[in-house]
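*Asks:* This is what each chain is made of:
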Amino acid sequence: MSRNPQLDSSGRLAHLLSIEGLPRETLVHVLDTARSFVSVTERDIKKVPLLRGKSVFNLFFEPSTRTRTTFEIAAKRLSADVINLNVGSSSQSKGETLLDTIANLSAMHADMFVVRHSQSGAPNLIARHVGPNIHVINAGDGRHAHPTQALLDMFTIRHYKHDFPGLRVAIVGDILHSRVARSQIHALTTLGVAEVRVIAPATLLPAAVTRLGVQVFTDMAKGLKDVDVVIMLRLQNERMSGELLPSAQEYFKNYGLSPEKLAHADSQAIVMHPGPMNRGVEIDSSVADGTQSVILPQVTFGIAVRMAVMSILAGQS
Amino acid sequence: MTTPFPDTEKLLNTLIEGIRGNIKPDTGIIGIHTGGVWVAERLHAALGSKVPMGTIDIAFYRDDYGRRGLHGDVKPSDIPFDVNDRDIILVDDVLYTGRTIRAAMNELFDYGRPGCVMLAALVDRGGRQLPIEPRFVGAQVSVPDEELVSLRRDDSGALHLSTEPRPTAHDQS
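Which chain is which? The protein sequence lines are A and B, in order.
My numbering applies: residue 1 is where the first sequence begins, and numbers increase by one.
My numbering applies: residue 318 is where the second sequence begins, and numbers increase by one.
Mixed in with the good hints there might be a few duds.
Lysine-lysine pairs mimicking DSS-like chemistry, simulated, CA-CA at most 25 Å apart [as the list claims (entries may be wrong)]:
| no. | chain 1 | residue 1 | chain 2 | residue 2 |
| --- | --- | --- | --- | --- |
| 1 | B | K327 | B | K341 |
| 2 | A | K225 | A | K161 |
| 3 | B | K341 | B | K367 |
| 4 | B | K392 | A | K46 |
| 5 | A | K261 | A | K225 |
| 6 | A | K47 | A | K76 |
| 7 | B | K392 | A | K76 |
| 8 | A | K76 | A | K46 |
| 9 | A | K222 | A | K253 |
| 10 | A | K261 | A | K222 |
| 11 | A | K161 | B | K392 |
| 12 | B | K392 | A | K47 |
No lab work stands behind these hints, which were simulated from the structure alone.
Use the sequences and the hints to build the structure in full.
*Replies:* And the structure:
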């Protein structure tokens with residue numbers, strides 16, 4: 001079996017490309033370190049000097065506001081210099097290959113690439129071709145993985161529920177196309193969550209999903225029964241009408257998280273969503289803004305988690 | 318192999334008595350993780366301070382991050398009082414090169430602009446590499462460079478200093 005491309009020859013994390021294949025200790029180390037960064041973000045001066053003199057390149061080949069912004073804030077709070085490139089609108093449209101773009105940015109002394117790409121595996125390709133002291137973070141690639149989103153979700157769950165083993169967690173929505181769901185499932189099972197459930201219409205479930213160690217439900221009432229955590233996924237606009245789903249209204253009726261459906265979960269259950277939300281499609285406004293919602297804390301914790309990932313990677317040079 | 322040290326509880330008493338009388342009612346006590354926090358907890362209780370105790374983990378301010386990376390076990394820093402214009406006693410277990418104290422002061426100033434900052438150390442083993450001196454010490458000791466002085470806390474809460482061979486070439490104490 002080939003070596004995990006994320007780890008260096010001494011088994012330390014050199015790149016963060018996916019949750020799959022990472023040992024439990026690595027995930028816990030990120031979550032523990034992020035806790036200390038939360039205390040930094042609560043101070044007057046929300047900056048530490050760890051990445052002083054380092055250059056972080058945000059390479060977004062696919063649009064994103066939240067993820068790019070929180071990566072930028074995280075890097076700036078670590079005192080790095082941040083360069084944002086919307087590559088879709090520059091080199092690539094002039095015909096430059098991905099690896100040529102990377103080679104040119106490396107020649108500008110990049111220390112870290114944060115990459116979002118519509119092609120699964122693009123960050124892995126970049127990680128294989130960068131120099132030994134350059135680190136790559138996957139900020140979402142195709143349908144493959146979104147590891148920092150999964151880590152911030154795990155941080156949020158641990159913050160409110162304290163530990164993983166006794167929990168029941170339900171992930172609801174478009175599992176088939178979701179890199180977020182895939183990364184969450186790997187993180188939850190690695191951290192020892194007792195029961196991971198996925199709830200979706202059959203058309204939005206991957207064929208081999210049970211091989212990931214999850215229980216599958218197509219009925220919300222049954223799937224949400226007694227769960228401690230409900231993670232709603234975004235339903236992308238292009239899936240709302242067509243061969244997979246009849247209509248957004250129909251989807252909301254069956255799978256949208258309303259107060260009535262949420263009542264099947266544990267009364268202390270938390271509600272999460274990676275954003276951006278479609279109110280009235282996958283989630284009712286009264287739930288999104290309700291007392292059980294931790295959707296905005298997820299965004300805040302995302303900064304601390306990304307600071308933790310960057311400082312762990314940059315320290316392995 | 319470890320060798321025992323002068324009685325640690327006695328050193329602690331010397332330190333407490335040195336500080337008593339030199340501390341204002343609103344002086345803040347901040348321990349540096351991990352040994353410094355244990356010492357600070359004892360000082361804080363013995364001196365009857367009404368200001369809640371603070372803790373600092375210097376991991377994000379170390380000067381050897383570029384060489385050694387982030388330490389495995391980072392604790393959240395927590396300073397539960399306003400540091401602006403307040404006198405502060407920074408507490409560490411073993412004072413050596415002074416690099417830990419440099420890092421702790423940098424972090425402290427990211428919380429505000431304190432008044433007088435004083436340093437208290439359970440033991441001062443000399444070997445300074447920076448212009449940093451303690452205001453209060455339990456004892457000055459002489460330890461060969463190849464040895465590490467470490468503090469341990471037993472189940473009853475009692476503190477024990479000991480020396481052991483240094484594991485790596487660069488250690489920041």
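*Asks:* Looking back at the hints listed earlier, which ones does the structure fail to meet?
*Replies:* none
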